[in-house]
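*Asks:* Now for the letters of each chain:
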Amino acid sequence: MNKTREPLVHISRRDTLPWYKAWGIRAAAIAAALVVCAVITTLLTGENPIEVYAAMIDGNFGTSRRIWVLLQNVAMLLIVSLAVTPAFKMRFWNIGGEGQIMMGCLATAACMICLPGVVPNWLLIIIMVIASATAGGIWGLIPAFFKAKWNTNETLFTLMMNYVATQLVAFFIIIWESPKGSGHVGIINADSQIGWFPTIGGNKYMLNVLIVAVITAAMYVYLKYTKHGYEISVVGESERTARYVGIKVERVIMRTMIISGALCGITGLLLVAGTDHTITTTLSASRGFTAVMVSWLAKFSPIFMVFTSLLIEFLGRGASEIATDFGLNEAFGDILTGVILFFIIGCEFFITYRLHFRKSAAHEAKEAAENV
Amino acid sequence: MKKFLALLLALVMVFALAACGEEPAPEGDDGVTKENIKVGFIFLHDENSTYDLNFINGAKAAIEALGLTEDQYEFRTNVPENEECYNAAADLADDGCNIIFADSFGHEDYIIQAAQEFKDVQFCHSTGTKAHTLGLENYHNTFASIYEGRYLAGVVAGMKLNEMIANGEITEDEAKMGYVGAFTYAEVISGYTSFYLGAKSVCPSVTMDVTFTGSWLDQAAEGEAANNLINGGCVLISQHADSMGAPTACENAGVPNVSYNGSTIDACPNTYLVSSRIDWQPYYEYAINCVINGEAIDSDWTGTLATGSVVLTELNEAVVAEGTAEAVEEAKAALEAGTLHVFDTSTFTVNGETVESYLADVDTDENNEKETEAISDGYFHESEYRSAPYFDIQIDGITLLDTNFG
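Line by line, the protein sequences give chains F and B. The first sequence begins at 1 in this note's numbering and counts up one residue at a time. The second sequence begins at 1 in this note's numbering and counts up one residue at a time.
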């Protein structure tokens, strides 16, 4: 027997778990989170937790309208998550999604307000697509350019670009506001519907959902099977290696951020021309930040992002349904969302590491005997 | 790809079928009774904003007064001014609401959108401007003649200034008030002008400085604005913004304050004078009763002192000048009787001249054309051609230190 005291627990890195075990841990975490939430609900509000969960499900899937709204929200969060992912894979922390979306919104709204009567509607929509992608792309390129040339800190840079974009939008809202002095743009081209995306089968969300589905597949292929995608992962793993094998790192950074920003810009397009038909400084609804979490939770995999964005949107909508049904403040729903996210993010620790508990002497003896 | 499309089509059909199946059987207006009516409310924020709290309290009071049960109403809080507002309204309609209220200016377009789709449901939007020209039968606007309440609050302020002059604390020329506004919009201009005219009706030498914060809710900016006004020589402060910033700054500086949206006496016992606010309960009750009785709701309803929509909170007897209650009662009676008009053109001038004609922007149109003659019979007819305020004249005696349109 040696005398050194072994700590009660020690932690070591696991080998990669087989996928079913990893997902088993995740499922267990969600189950545990639901139980904790149930206890909190009963203790704090006296409501029946089963009813609370039923309300969450009803809030998301209760009517066909709710299902469509959920699909739309998932699609919008998903496309932003897809947009920031290539940058993240390259270890470029783009938290400027918000600003890039706003620039896309701004470009789209500008086209819808200034161009009707100048060009036919079909051409206008094409111009809107190009303008929004370009605006978002430029907003992504600016910090990438400074990073590539002078190694500036992209986290701060992209973050600050958000505020610039928001203020630009605020400025133009004052120019376009209707009625004057109201601070609101109102619905753009409400009567003529010029520049509005067509509805498919009378459903205004269908087109957005389809577009995002196509982009999801395209992003999957882009990251996994193209030369660009490979270059991004190499730069992400090690910039030096990338340079050594002859990848032009500066070019990859700038190119990737243009794609990242352009996709955010397209999100702005879908929001303004596809559904909301107006512009406000809060139109992106912090999706640029939520997307960071969605992308990380999904380990940068476009396919898993479908599930993580569904999860986040489900929790968010469920939270407000709870607030409505039980007369609780919306903050209560946020508490539940917080608990669930805590468990989900926390379980990643147990997937990556394993805990070794100190074994009791008796146990050790038994094990020793078995090993003989 | 074909398979994918086929799948999608199948999905769409399922949803479409589901949608058909769920639609509640449209009932005639006659079918709605007090026992089965369902009311929906949409609020921009929740109880943490004094603005929404005022609406929520009004809604709760109306529900209680009508005796509705818990499953006869639904509150949707934190509904932003975008597509989500339409979704919330449509969702409430899906849930069987017969009448739906929304409380924020920016909700208007989305509520109209929902009103166009759900013809059997009544939609009532506070502070909006479009119902009176839109011609949509189930869409209605409402506001209150809060300028009358502010005028009365101004009388309280004027009495206080008179007391300060009589006590020798200030000279007549030093009777300068300060006003913290949110934005340089008609709603705010109408508010501070009526407040100023109320004060001037009892204290003729009064002047006023106005500054804008550019936000409806910014505690720090409102406090700083109040402090700037006080440092600039203002001896009494009022505000039209939703935080405790200005009242608290006044309490710390010992400067009398006229509040808005509700009493601040608990936090400011030594400086709070009075507060004006809109009570939404009368409108909620009126509109809900219309639906129950199968009557049409006014497309544009203005609450007044007489309907109980415009109210003053209790005077802070410890701070107000002697005789204030009587002066307020007198002015209130005259306003209600129609012998006194807040924007009487003989009581104010613009560039030294009496205003005899003014075109106001009452009807919403793309060019913001000022089309309606608002002055007749010797006064500006505020909130008569439409419930939301449209008085936006800059009158003499009030100095704008800055402007802020957002």
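Quick caveat, the hints were computed from the structure, so don't treat them as lab data. Incorrect hints may appear among the rest.
[Unchecked claim] Straight-line C-alpha distance at most 25 Å; calculated SDA-like pairs for lysine to any residue:
1. B/LYS38 - F/LYS89
2. F/LYS89 - F/ILE142
3. B/LYS38 - F/ASP58
[Claimed, not checked] Quick list of simulated restraints, FRET-style, between CB atoms:
4. B/ALA325 - F/PHE289: 36 to 46 Å
5. F/ALA190 - B/ASP46: 28 to 38 Å
6. F/ALA217 - B/GLU295: 53 to 63 Å
7. B/GLY96 - F/GLY202: 19 to 29 Å
8. F/GLY327 - B/ASN293: 24 to 34 Å
9. B/GLN116 - F/ILE335: 35 to 45 Å
10. F/CYS114 - B/GLU317: 55 to 65 Å
11. B/ASP365 - F/ILE303: 49 to 59 Å
12. B/GLY308 - F/THR45: 30 to 40 Å
13. B/ASN368 - F/MET160: 26 to 36 Å
14. F/MET160 - B/THR133: 35 to 45 Å
15. B/GLN116 - F/TYR230: 29 to 39 Å
16. B/GLU369 - F/ASN121: 24 to 34 Å
17. B/GLU336 - F/PHE342: 19 to 29 Å
No residue lacks a Cβ here, since even glycine has one placed at the ideal position from N, Cα and C.
*Asks:* Work down the list of hints and note, for each, if the structure agrees.
*Replies:* Cross-check of the supplied hints:
1. B/LYS38 - F/LYS89: 51 Å, violated
2. F/LYS89 - F/ILE142: Between F/LYS89 and F/ILE142 the Cα gap is close to 19 Å, so the pair holds against 25 Å.
3. B/LYS38 - F/ASP58: Holds - the C-alpha atoms of F/ASP58 and B/LYS38 are around 19 Å apart, at most 25 Å.
4. B/ALA325 - F/PHE289: 36 to 46 Å: 53 Å, violated
5. F/ALA190 - B/ASP46: 28 to 38 Å: Distance hint for F/ALA190, B/ASP46 holds at roughly 29 Å.
6. F/ALA217 - B/GLU295: 53 to 63 Å: Holds: the Cβ-Cβ distance is about 56 Å, inside 53 to 63 Å.
7. B/GLY96 - F/GLY202: 19 to 29 Å: Cβ of B/GLY96 to Cβ of F/GLY202: about 22 Å, so the range 19 to 29 Å holds.
8. F/GLY327 - B/ASN293: 24 to 34 Å: 28 Å, holds
9. B/GLN116 - F/ILE335: 35 to 45 Å: 38 Å, holds
10. F/CYS114 - B/GLU317: 55 to 65 Å: 59 Å, holds
11. B/ASP365 - F/ILE303: 49 to 59 Å: 50 Å, holds
12. B/GLY308 - F/THR45: 30 to 40 Å: 35 Å, holds
13. B/ASN368 - F/MET160: 26 to 36 Å: 35 Å, holds
14. F/MET160 - B/THR133: 35 to 45 Å: 44 Å, holds
15. B/GLN116 - F/TYR230: 29 to 39 Å: With Cβ atoms ~52 Å apart, the hint is violated.
16. B/GLU369 - F/ASN121: 24 to 34 Å: Holds: the Cβ-Cβ distance is about 27 Å, inside 24 to 34 Å.
17. B/GLU336 - F/PHE342: 19 to 29 Å: Given about 58 Å between the Cβ atoms, the range is violated.
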